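The hints should help you fit chain B onto chain A, whose structure is shown.
Single-letter residue listing:
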Amino acid sequence: MDETTKSNLKAIPLCRTKASPRDGDLWIERLKEEYESIIKAVQNNKDNDRDWFRLESNNDGTKWFGKCWYFHDMVKYEFDVEFDIPITYPVTAPEIALPELDGKTAKMYRGGKICLSEHFKPLWARNAPKFGIAHAFALGLGPWLAVEIPDLVEKQIISPKA
Amino acid sequence: MSKEIDEMAERLKNLTSDLTSTLKEARIATVSPAAPSAPQPYRQKIEKLSSEVVDSNPYSRLMALQRMGIVKDYEKIRDKTVAVVGVGGVGSVVAEMLTRCGIGKLILFDYDKVEIANMNRLFYQPHQSGLSKVEAARDTLIHVNPDVEIETHNFNITTMENFGKFVERITNGSKTNGKVDLVLSCVDNFEARMAVNTACNEENQIWIESGVSEDAVSGHIQYIEPGKTACFACVPPLVVASNIDEKTLKREGVCAASLPTTMAVVAGFLVMNTLKYLLQFGEVSPYVGYNALKDFFPRDSIKPNPSCDDRHCILRQKEYQEKLKNQPEIEVEEKIEDDFVVHEENNWGIELVDESIEVKKEATNSGKTAEGLKFAYEAAEKSEEPSQETSEKSSANLADLMAQLKRLQS
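Chains as they are written, first to last, in full-length UniProt numbering: chain A, 1 to 162; chain B, 1 to 410.
Just chain B, same shape as in the assembly:
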């Protein structure tokens, strides 16, 4: 008996050492000589796109668009640079679509990390959790299409320290170190959208905003050309009316729901509009909404607000009007109509929206919306400037005020 046990123990020992050496060999075999963090592309870069229809040509079905007469010069896409702000449920799919279409360069911005809670959406894989989203996205994208140049920035664009860097990259980030061709906003919050809006108004940069509602059953895309269309600050955000009674919508305990379906639909709209814009085919849509409950797709266009709060928007509007005057025969129909009612009265009291009343009075300060769309909330009342209060400067010194607060709280 004890002999048998000894024999068994000896066999086990041998097997263990065999296994250890096999594992060692396997490890050596899988570690590539290049940097272990960067996956190796499956092929060399392609110099010139071929329209040859063979199994091994990744561009044959794209070049077929040209043969069919849909797109005049598909290969132009290789010169284009697109900045994608936010690579979450929408942005990551947008980046993948553009990568597969052979875009020249992508610049990705996001400060978030991949989490297991993201797995109900497309693109990221469980093994990537913990990685920064931009890093995880780059790893996948360069593998899918090694021809695409990918630049990544892992920071929050809304803060003082990063906003300047963001603006610098959209103004100098293209393949030729110039302005990017288009900025796509795929963020999930108002602050970041306003930051993109601020940057694009200042730099006269065309961009497309996108969004999915927090209840996951509607979404939209909005093309914004500073001065020509409404900017994101001109009117309250235009969103799809879900026709769900707000009172019956249960928000207790959660912030946001999400579905891979709605996000993929919005990503598809966004990239289709991007391709039409970049390659000049079809019609670039100013606004497309998606109501998933009714499969209703409202379209609309929003004119710029002549009294927009963003002074760069006003500047861009003036420039656009100048441009129209110099070439009246081209875009005469797109003259900005002054259909905004600016409130003359200045009410300095705090405005409280009655929670029981649905915000439906938007038509009074911002014109009509297409059927199935609504403004997210009522616009702020305009103040007459300069008002008495704004001219009244505080006589206190900042350092004294800081000290005063400290004393009060000590």
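Next up, chain A with everything else stripped away, as it sits in the complex:
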């Protein structure tokens, strides 16, 4: 893990409540923690001039959607991002998907779910239930974009949106 990812990660508040969407009031508690940590993460990114995603959820916090983007050679590449919270959350991480890139890279599972590095899952497992959505973004999606987008641009598989 590179130093930027590590320091980004450490600046994101940890969650506390081990609860899935099936846990009623406890889930609401967890959801508040998730929102608090995402708000802090977005604020950190803005403060460091590294704002790179927008995220919101449905009312019960089981479905999330938004945008994420990456700058390569001063050009912005932006994508829709979405994921569900599985009933096994937070023991298992959310499976973040970029549906527009489905089928365009081998580093992806069906439906555009990004294929995370070998190190992500052990790290998530060791830190469950403290890691939340903001951590999955900083540790999973961020580094994925940093590797995949330049590669996709180079191969002329994606081009900037007009």
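In short, the hints are calculated from the structure, not lab data.
Hints may contain errors.
To give an idea of the interface, some chain B residues facing chain A are shown, with a C-beta separation under 7 Å as derived from the structure [stated by the list, open to error]:
1) D112
2) T159
3) M160
4) F163
5) E191
6) M194
7) Y377
8) A396
9) L398
10) L401
11) L405
12) L408
13) Q409
The structure presented is a predicted model; accordingly, all values stated were derived computationally and were not measured.
Beta carbons are placed, not taken as given, at the ideal position from N, Cα and C, and that holds for glycine.
Same frame as chain A, now just chain B:
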């Protein structure tokens, strides 16, 4: 010259109209009166299995197991219901094997579609690409053996909207509308395995987990009886050590490799264990690994973790201990030994696994593994409950937080 051309043109016209009418007739002939999507079975259903050895009896070689004294009552298989979660490279072959064995009922779960990229594995055919896997599987299976009842569900079991339906089907899906006899997990991801584990712990449902490694050269099956054996959440997943140096394994550019060989071997182990369990013969294996590079098959058994994170697992363990107390003469040797070292210290800092160090310290928190096996990663440190942080409730209101994030991002 122009006359010849005219003649040729006339002949061509006649031939074209002949061809058109022939094609029309052919089309009428191939469309069966029944629903065109459902293939017609090649035979009527069979009421009673016969052990008569004739070319036309599809069950003669199975009933021979009974004549040879391997299985006491083979026909019992017709009362059994098995749920297969995931009908990809392993699950589709498992479903086919069980269908050919004459299983009573199969309930198939998968949300994926058949793709041309699946053609390196068994079962699906190129013309099925685009169909949902469960639908394609049903079409083939009812043709192979019309006696088998096939129920299909095309959804992802890990989401809120589908998990309840999944649990409902494994609790009421049997031939007699009761619990299924066995759940077989043939999925390719941790999330789905944990979802199956959650459901089976809650419903006290016996299941067998299976998996093939992402480098396609190892696999395993693991029998899980809630309370008696380790559940899938008790310890990190036990996998076959491939002895490939992780650093030399090239993962650049791809997520997963697969081979029809490894998947068929694992499917074979899984169905053999299933038959032994359902028909009560031989020994049901708690864990079998397959190392394809060395043709090494490690076996192991994992005891439940008394401090498992899944509270239903703990509940099932207590029930099992109660059961043992009431019938000590039967399973006295299988008493759960407390060989887990629970970490007393509570470290709330973020745990970072050093990428250069191989995860080999698993023995400290989960006992030993058999030779050739390892835990996929180190277990999380246990926290003392209730900790200060968990009791500290957020004072903010959820709607306010949602609005705050929206404002920040506008």
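Hint-by-hint comparison with the structure:
| no. | hint | verdict |
| --- | --- | --- |
| 1 | D112 | holds, 6 Å |
| 2 | T159 | holds, 5 Å |
| 3 | M160 | holds, 5 Å |
| 4 | F163 | holds, 5 Å |
| 5 | E191 | holds, 4 Å |
| 6 | M194 | holds, 4 Å |
| 7 | Y377 | holds, 3 Å |
| 8 | A396 | holds, 6 Å |
| 9 | L398 | holds, 5 Å |
| 10 | L401 | holds, 4 Å |
| 11 | L405 | holds, 5 Å |
| 12 | L408 | holds, 5 Å |
| 13 | Q409 | holds, 5 Å |
Consistency note: the structure conflicts with none of the earlier hints.
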